[in-house]
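Trainee: Fit chain B to the supplied structure of chain A, relying on the hints for placement.
Each chain is listed here by its residues.
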Amino acid sequence: MVGAGHVPGLNAVVMGTAVAAGHLGWEAVGIRDGFDGLLSPERYPDGGLVALDPGLIANLDPNGAGILGQAPRVDPFHVRRVNADEMVEELDLSDLLLERLKAAGIDALVGVVGGRGLSILYKLHKKGLNVVCVPRSIENDIAATSVSFGFNSALSFTIEMLDRVRQAAQAARKIGVVEVLGEQAGWLALQAGIAVGADVVLIPEVPADLAAVATRLKDKVTARRPYGLVVVAEGATLVPPAKGEAKPNPLKASLSPLATGEASDHVIRRSGQAAAAVAEALQLQLAEETFPLVLGPWVRGGAPTAVDRQLGMTYGAGAVRAINAGSYGTMVAFVPPDLRFVPLPEAINKVRTVPLDGGFVQIARSLGIFLGREL
Amino acid sequence: MARPVDASGQTGIVLNIQRYCSHDGPGIRTNVFLKGCSLRCKWCGNPESIAFKPELSYQASKCVGRKECGACLKPPFPEGAFYVVEGGENDTVKVNWDLATGVDEAMVSLCPPGALEMFGKRMGVDEILDEVEKDVSFYRSTGGGLTLSGGECLLQPDFSAALLKGAHDRGFNTAIETACNVPWAYVEKVLPHVDTVLHDHKLTIPERHKKWTGVSNERVLANFKKAYETFPNADFIARTPLIPGINADEEHIRAVLAFIRPHKNVIDYELLPYHRFGLGKYELLGEVYELDDYKTPSAELVAHLQAIIDEAFGRTGQAAPGVKP
Chain A
8 MVGAGHVPGL NAVVMGTAVA AGHLGWEAVG IRDGFDGLLS PERYPDGGLV
58 ALDPGLIANL DPNGAGILGQ APRVDPFHVR RVNADEMVEE LDLSDLLLER
108 LKAAGIDALV GVVGGRGLSI LYKLHKKGLN VVCVPRSIEN DIAATSVSFG
158 FNSALSFTIE MLDRVRQAAQ AARKIGVVEV LGEQAGWLAL QAGIAVGADV
208 VLIPEVPADL AAVATRLKDK VTARRPYGLV VVAEGATLVP PAKGEAKPNP
258 LKASLSPLAT GEASDHVIRR SGQAAAAVAE ALQLQLAEET FPLVLGPWVR
308 GGAPTAVDRQ LGMTYGAGAV RAINAGSYGT MVAFVPPDLR FVPLPEAINK
358 VRTVPLDGGF VQIARSLGIF LGREL
Chain B
42 MARPVDASGQ TGIVLNIQRY CSHDGPGIRT NVFLKGCSLR CKWCGNPESI
92 AFKPELSYQA SKCVGRKECG ACLKPPFPEG AFYVVEGGEN DTVKVNWDLA
142 TGVDEAMVSL CPPGALEMFG KRMGVDEILD EVEKDVSFYR STGGGLTLSG
192 GECLLQPDFS AALLKGAHDR GFNTAIETAC NVPWAYVEKV LPHVDTVLHD
242 HKLTIPERHK KWTGVSNERV LANFKKAYET FPNADFIART PLIPGINADE
292 EHIRAVLAFI RPHKNVIDYE LLPYHRFGLG KYELLGEVYE LDDYKTPSAE
342 LVAHLQAIID EAFGRTGQAA PGVKP
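These protein sequences, in sequence, are chains A and B.
All residue numbers for the first sequence refer to this note's numbering, where the first residue is 8 and numbers rise by one.
All residue numbers for the second sequence refer to this note's numbering, where the first residue is 42 and numbers rise by one.
For the record, the hints were derived by calculation from the structure and aren't laboratory data.
Among these hints, one or two may not hold up.
The following label-pair restraints were derived from C-beta to C-beta distances [as the list claims (entries may be wrong)]:
(1) A:Glu49 x B:Glu328: 38 to 44 Å
(2) B:Pro224 x A:Leu63: 44 to 50 Å
(3) A:Arg171 x B:Glu328: 31 to 37 Å
(4) B:Val329 x A:Arg232: 37 to 43 Å
(5) B:His316 x A:Leu291: 56 to 62 Å
(6) B:Glu328 x A:Gly308: 24 to 30 Å
(7) B:Thr337 x A:Arg171: 29 to 35 Å
(8) B:Asn57 x A:Arg171: 46 to 52 Å
(9) A:Glu295 x B:Ala296: 50 to 56 Å
(10) B:Ile308 x A:Gly308: 49 to 55 Å
(11) B:Ala226 x A:Gly32: 56 to 62 Å
(12) B:Asp145 x A:Gly365: 48 to 54 Å
(13) B:Glu127 x A:Arg232: 35 to 41 Å
Only a predicted model underlies this, so the values are computations on that prediction, with no experimental measurement involved.
Note that the Cβ used here is the ideal one computed from N, Cα and C, for glycine as well.
Here chain B stands alone, though its shape is the one from the complex:
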């Protein structure tokens, strides 16, 4: 497949481009999701963004079955990659994910009902920016622009830097969502082109961070601190995906506040109540969701923790219920 190349010469692996977003930076925005992540958060709602390479997905509800189709049961699909359980009333195809690793984009295009798809494709900078530019009138009226998300957008530093610089050149506001578990050199390359940095404080204690995300948070916190100091003109917004039983407690929220409040360019701290929207996607990838039994936080808990944040930012002047000064 020919790779689209533009003036920057940069291409990257893109999962999705989502227009009309309003929660990931100022105004109305277009979110560009890049593939590849350096963490394995057990609650991840975007499992299709974790692997760098484009990967196979299978939506059984679209499969019309062996009798009507059966295309994937023949070459060029790898032997044993797809099968039908004999003896049942249902002839919907199943995937042997261990033997389907060789399925590529060309093969997927041979699935008439579109049950097989590839998550992710290589795109060029101008190709993406042309898509982003379609909503330029919204950006002008709302102060919006481009948000790079993921996965971890800093893992494709040259591509991300070129995209964000290109966005600035076209007059768009820029934002990124990052967990910042990357070498500082990556951060340094991208952040000069970012107006708003949405960054995750997932857990406070290094050992617990490692347990739930795969790595310790020491480098992450060092990157955050250095970024606050190195890029004083960027706005930083801290975020915590709030998961009861893992990090939805006052101690974590107060620890994050203690970390960010000395830095005046950290303008807000947002809570992202855990949801289970990603559940179905794990099945599409043939994976198992490890956080199956966890529940979404109650409205009362979220309000309580939000009140602590509001107080720290001087927005209410009142302590949250039950919170000691």
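Here chain A stands alone, though its shape is the one from the complex:
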């Protein structure tokens, strides 16, 4: 089963699972579109399950977007339906799902899911389902594993795009402000920023002082180097004003003047606002012109990198090993050099954030990359 939200190269996980299962003499089937293949089989004339037999797997493109498809919502505890009275309602179909899994002869489930999917599959596990999860995150923010499937592909594409933005900034003699994914963790912004030698990287873990950012840019943007590059994670925050609130304000909230009252004090889920907010604020303090650009969702498409292809196969095969070992209610985690099966509670409600005393932050500082304020 593949959870909501696309990442490149999902077929690799499907292949790894099916091939490893085949070696054990097990039959592997895929569920179409999250759990829809089982909960709404009437939508699928060819059946809601896909037999992942050797003939299919041998011809599956590992670069493909995903043979199983995806659903925008994958939560059997809140399934939106139109009832017999033509009224929309949300139903808990978790018991029905468990019944149908059993009826289909499915003994164990491998779920390729992000942070929220881990919680949902944990709830199903507590109801008796044999579950093993594969961590999938563009932002690499899932705890208990060093790297989630999909991150490396997003990082590679982000680096490629930042290179292009830097060239554009150089040609136009402006400062490019680029927003990348990273709601709670700044791995993508920081690692890509290091790779391209950005001037400034703003991440959620370090509330930024834009006056300090402007000061730093004044030093770096000179007549001989009349351009700059600022990378902003979408969840980047600002330090509070001198006598202001006790907590940092997400940049996104600062641009939601039409939201009302205290409810608007925190995150409005809208990508594209952090870059605009930073670009405008910096332009007011600098002689140079800034321009915002949002990479955000674009990095979810395309082909996987070699690392993610390998990781996908590895995680798929690892999930089968977990099932074979009877390690249910777990997530396959890559903790170099080992592949481990960690209990789901170790990954749920935790975020793999960038440690401020860690290697990447130290490297960024060594390279002269400003992280929004002096650390």
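Mentor: Below, chain B alone, put in the same frame as chain A:
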């Protein structure tokens, strides 16, 4: 919790009672918002009114953090329902909405700063009407009264009927706001007690109505037509939430006018320009707002479409700019 019971014996799930309202029926009014809706309009500005049951909301700006409080991180709160991200400078609590489904009103009362709240509570008819009656002097001087809103107030037909009848008995004008996506039996039960029916014409084409609200509009339109004919003494005011790119076009406005104008008890057609006031509320509920990139309609567009309506109602005698007769 004891349920307040009154002479009617009816109780219902109420989201909010809002006094001094002036846009939802004649005069100054008290709006009573009921919980529960049978549509899922992607632009909904009241997401906290959609679910029938009382539901958890969390306002992070009120949370004082784990160091100062941390009450929700311990029993009786469900394991894993709340957590703090380790390693950051901020120890504000976050909600795992998938594991917090068991949080109830009693638990919420244990949150000292009030960051946790429940949207909605069960109330009795007299309890509500006593609150509504506080502004009776305004109703008398302005012709105002009680407006039932939602959610969809027709989804609690017995309760709504008892409330509206009680309001009439106390001499208040009554109005409802409805999208009318309910069985006719519900409409039939409530409308005898309503003076003004504010009703939504959201989209014209059934498939597009289904796309943006979750269901087709065929039953909705059938209910409207039957209501116009069955309740000739009620005033009907059609409304359209105007959203550029979805329904803010002449074709829809003219289709609505063609539908309502043959019925003389449809006394007006109002445009409600889309706003984004509901955005922050989605975050309080741990939900994602799906209409994130949509903009409010321009004043020029609203004026243009309003002119078409004014012309149809014979209010100006002039065609709107750019409109062919």
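Trainee: Now, for every hint given, state plainly whether the structure supports it.
Mentor: Structure-based check of each hint:
Between glutamate 49 of chain A and glutamate 328 of chain B the beta carbons are some 27 Å apart, a value that contradicts the proposed interval 38 to 44 Å. Checked against the hint of 44 to 50 Å, the C-beta distance between proline 224 of chain B and leucine 63 of chain A comes to roughly 47 Å, which is consistent with it. Look at arginine 171 of chain A against glutamate 328 of chain B: about 35 Å separates their beta carbons, and that is inside 31 to 37 Å. For the pair valine 329 of chain B and arginine 232 of chain A, the beta carbons lie near 41 Å from each other, so the given range of 37 to 43 Å is met.
Distance hint check: the CB atoms of histidine 316 of chain B and leucine 291 of chain A are about 28 Å apart, inconsistent with the given range 56 to 62 Å. Checking the proposed 24 to 30 Å range against glutamate 328 of chain B and glycine 308 of chain A shows it holds: the Cβ atoms sit about 25 Å from each other. For threonine 337 of chain B and arginine 171 of chain A, the Cβ-Cβ distance of about 34 Å falls inside the hinted range of 29 to 35 Å, so the restraint holds. About 50 Å separates the C-beta atoms of asparagine 57 of chain B and arginine 171 of chain A, a value consistent with the hinted range of 46 to 52 Å.
As the Cβ distance of glutamate 295 of chain A to alanine 296 of chain B is approximately 52 Å, the hint placing it in 50 to 56 Å holds. In this structure the supplied range 49 to 55 Å holds for isoleucine 308 of chain B paired with glycine 308 of chain A, their Cβ-Cβ distance being about 52 Å. In this structure the supplied range 56 to 62 Å holds for alanine 226 of chain B paired with glycine 32 of chain A, their Cβ-Cβ distance being about 58 Å. One distance hint, 48 to 54 Å for the beta-carbon pair aspartate 145 of chain B and glycine 365 of chain A, is violated here, with the actual separation near 41 Å.
For the pair glutamate 127 of chain B and arginine 232 of chain A, the beta carbons lie near 39 Å from each other, so the given range of 35 to 41 Å is met.
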